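**Q** So the chains spell out like this:
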Amino acid sequence: MGAAILLVLVIVALAAPLLAPHGPEEIDATRVLAGPSAAHPFGSDALGRDVLSRVLFAFRASLGVAVGSVLLSLLAGVPIGLVAGFRGGRIDGLLMRPLDLLLALPALLLAISLIAILGEGSLVVLVAIAIIYLPIIARVMRASALVVRERPYVTASRSRGVTGRRVMTRHVLPNAAGPVLVQATVLMGFAIQVEAALSFLGLGAQPPTPSLGLMLLDGYQVLRQAWWVDVFPGLAIAITVVAFMLLGDGLRRRYDPAGVAE
Amino acid sequence: MNPRTRFVLRRLALLVPSLLALSIFVFALIRLVPGDPARTMLGFRATPEAVATVRSDLRLDESLPAQYLHWLGGLVQGDLGRDYISGDSVGHLIGQKLPVTLELVVGAMALAVLVGVPLGVLAVSGARWTRHLTQGFVVAGIAVPDFWLGTLLVLLFAATLNWLPPSGWVGLAEDPVGNLRYIALPVLTLAIGEAAYILRTTRSAMLDTLGEPYITFLRARGVRERSILFRHALRNAAVPIVTVVGIQFGVLLGGAIVVETIFGLPGLGRLVVTAINQRDYTVVQGGVLVIAAIFVVVNLLTDLAYGLLDPRVEEGRTGRPSARRPSSRARAACACTARSARAAGSWAPRSCSCW
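Protein chains in written order, with the numbering used here: chain A, 1127 to 1388; chain B, 646 to 1000.
In case anyone wonders, no lab produced these hints; they're calculated from the structure. All values reported here derive from a predicted model rather than from experimental measurement. Be careful, since some hints might not be right.
[To be verified] Which stretches of chain B does chain A cover? Using the computed rule of at least three CB atoms under 8 Å from a CB of chain A, they are:
id : segment
1  : 791 to 798
2  : 886 to 898
3  : 907 to 921
4  : 931 to 941
[Said to hold, decoys possible] One-sided excerpt, in silico: chain B residues whose CB lies under 7 Å from chain A:
id : residue
5  : Leu664
6  : Leu665
7  : Ser668
Backbone N, C-alpha and C fix where the C-beta goes; we use that ideal spot for every residue, glycine too.
Isolated chain B, as found in the complex:
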């Protein structure tokens, strides 16, 4: 079996215990509620018959392992339980809300990468004032809570300039332009903070990479600075950037809960918060499970991306995702310089032999 297949299989195998542990945590959510969960969910005015129905549905009278196995069996078949307030199935409810959350989170991450990475490169290569400006952006982006930023954006773009609606929602398939108008401010709210993290990571990774000997050789060969930055250095700085994008995806999923509430988006986060306020535990359970499962899968994809970006991770030669591999052109440049140097009987860079 080649190292890449082995690496992918090993990571996929690790997914199983993660998801099982997650399912136990989510299962425990209802069972850890103080008192009788059925009574708490339905309220103290509920009839004994209704409470008995919920207890029977959730099998609360059985042993915990039996309850868990029954619940897990349903889960495997896509049954997330029933919402006892609306009477709808939890799976159906989540299916309606999930696309909104995904559109928000994916849109925000895409915008954050599009802004954060070029600004990170600019932070190491631009004029002094651009460095100060990007540094200010990082501090502000991290320090300003996204829910407050959201209200400031509403104040500017909705209340003052009247360019965009302050809240509301229309589906992408229903009205693409209207959808864009409603999603713009929430996406911007989430993206600014994320862009700050990505900028900081890109800047730090680029600074490390630009200090490598092969960059000196590329400069010595007269390769254009723009090409060095974007074709060589950025490619080798990609592993930490991908790491932070993977980690921050989970943060975005959390942030989406607040942003959906501010902008009145009918997403999964808002569903969970409303369900907590209504003590609607089956919906909380389903929502938490789906969001956490997405997070676990994104983490897996991030791990797999390391393997593509740095083959040494696949081969188990390094556990450090920050390990760097010079691009083929840089390696060629160094090898060429090293050969010439050796041929001339002078010093050859030691670092080239490591490549």
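The shape of chain A in the complex, shown without the other chains:
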């Protein structure tokens, strides 16, 4: 179910230029805050721009930031967690303690702090989200590697003289990746929420870059006159998060029945 919804959403995001009935920045002064109609199914905003077209383009951008940030955190978190879990001991402490410190801050506050240093913008938001998810991914990978390294086939490989690095990459990583995959899927949904929240605060995407958070900010300012400017971008976020959650649940049943990602 989650995979099907997500597949549709990804197709919609990729085909946004083909599907959008109007340009996202196309201003029509005669249609300021006009309600939903056949020509503009989601209505138009305070500048007369088509809300549907803007939602499609903003969704594409927000999904890109969410997927990019989680891939970045996987790129850094998986090797750290794998080595920490497989090697254990001092190496484990050395790798994991600094990451644990990142967990000492509320996620959104950490993202905001990083933006305070690096400045606003979509790329900075992508990096900030990747950093706040890095300790989560690394922890799940570590926990999973700790379980897999005790399996008989790992012991057998090591007793046959296979090098630690090869055991890690050939045996531990493929068998320990399931919970990380589950966690990454769920995090992608939440990354869309974080990206939107930061853009809503004016710390993420900057106009004219389309963003669901910026659209919600615009919608909030005209809420009393035109509910549709606010409601449709919000629905897009909620549906995407539900799709990722459902997909995460499905993947959990298949790849993480022991609940390591929990």
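Take the given structure of chain A and dock chain B to it, following the hints.
**A** Just chain B, lined up with the frame of chain A:
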């Protein structure tokens, strides 16, 4: 030294490195800003004298360890620095904003617990339709971002029904009724998402607990279902619920930043966001430090609560907060049943011997 005192002291000792690491991170905030932090804070129109004053105040010409020690020394004495835009002390500014944020976060958490826990119990004990309804609530509560939920609540309660004001603020001491009217929608906005998490955790913990043998014995003894649910099962499901409340408190502190902006509340989160937009780094530094310190202390209190709820955590016998301890009445019931069974020469439940 008894195990409880040892446990509390060990947790308090862990607080020190956490706070020190936090102070280093917050100290680095200003120092990691690209370029000259003093120039960035004051803007490019600032006079060289003003820039020199800020550089001297922050001791930016000294070595980093010397700057840190000086800053930490001030911090220990309650000096969070000066706001270079308003000229006020950062400590004073935060002191004005903090009560608003705390009222919002504590109110939202209290409401979330009051709604989430009973609904979680209902999710395992109620009719089929209540289970579906609570499941829907969990999915919606988690998926809907709180800042969007806030705007929907404004649309319903302020714009359509005209029951509550859409934004604004009046202090609790100044006008308690007015305060309640202004805080109601922000609290509701934050509480709905949190209640969904608490409901999910309560449901999951209750399902685990209700599968335990002592629950079967209580049912066999004819104890009322309501009593089994609330007096025995819920008490033993409390550890994971307390865990999620502790973790979610930090999430609420983060969420408060957005909700304060939507509802125009003069809280700490809004202060930090405004300060970032104005490149007012000393205020950002102070605000981040205070919010993070609250989070660290709440985590400590959560850890201490485990000890109270499950003595095995204190004694270091289990690292798992989900370990359960049957209530005294349940243990008595099982012991009684086990004794009777043994006396009759029949099977006695093995799990009783573990208690």
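**Q** So, for every hint listed, does it hold in this structure?
**A** Results for each hint:
A stretch counts as covered by a chain when three or more of its residues have a beta carbon under 8 Å from one of that chain; for the segment 791 to 798 of chain B and chain A the count is 4, and the coverage holds. With a cut-off of 8 Å between beta carbons, the segment 886 to 898 of chain B has 3 residues touching chain A; three or more are needed, and the interface restraint holds. For the segment 907 to 921 of chain B, the stated coverage by chain A is satisfied: 4 residues place a CB nearer than 8 Å to a CB of that chain, which reaches the threshold of 3. Counting residues of the segment 931 to 941 of chain B whose C-beta sits closer than 8 Å to any C-beta of chain A gives 5, which meets the bar of three, so the coverage hint holds.
At about 9 Å, the closest approach between the beta carbon of B/Leu664 and any beta carbon in chain A exceeds 7 Å, and the interface hint on this residue is violated. Interface restraint check: B/Leu665 against chain A, minimum CB-CB distance 10 Å, threshold 7 Å, status violated. Evaluation of the B/Ser668 hint against chain A yields a violated restraint, the C-beta minimum of about 11 Å exceeding 7 Å.
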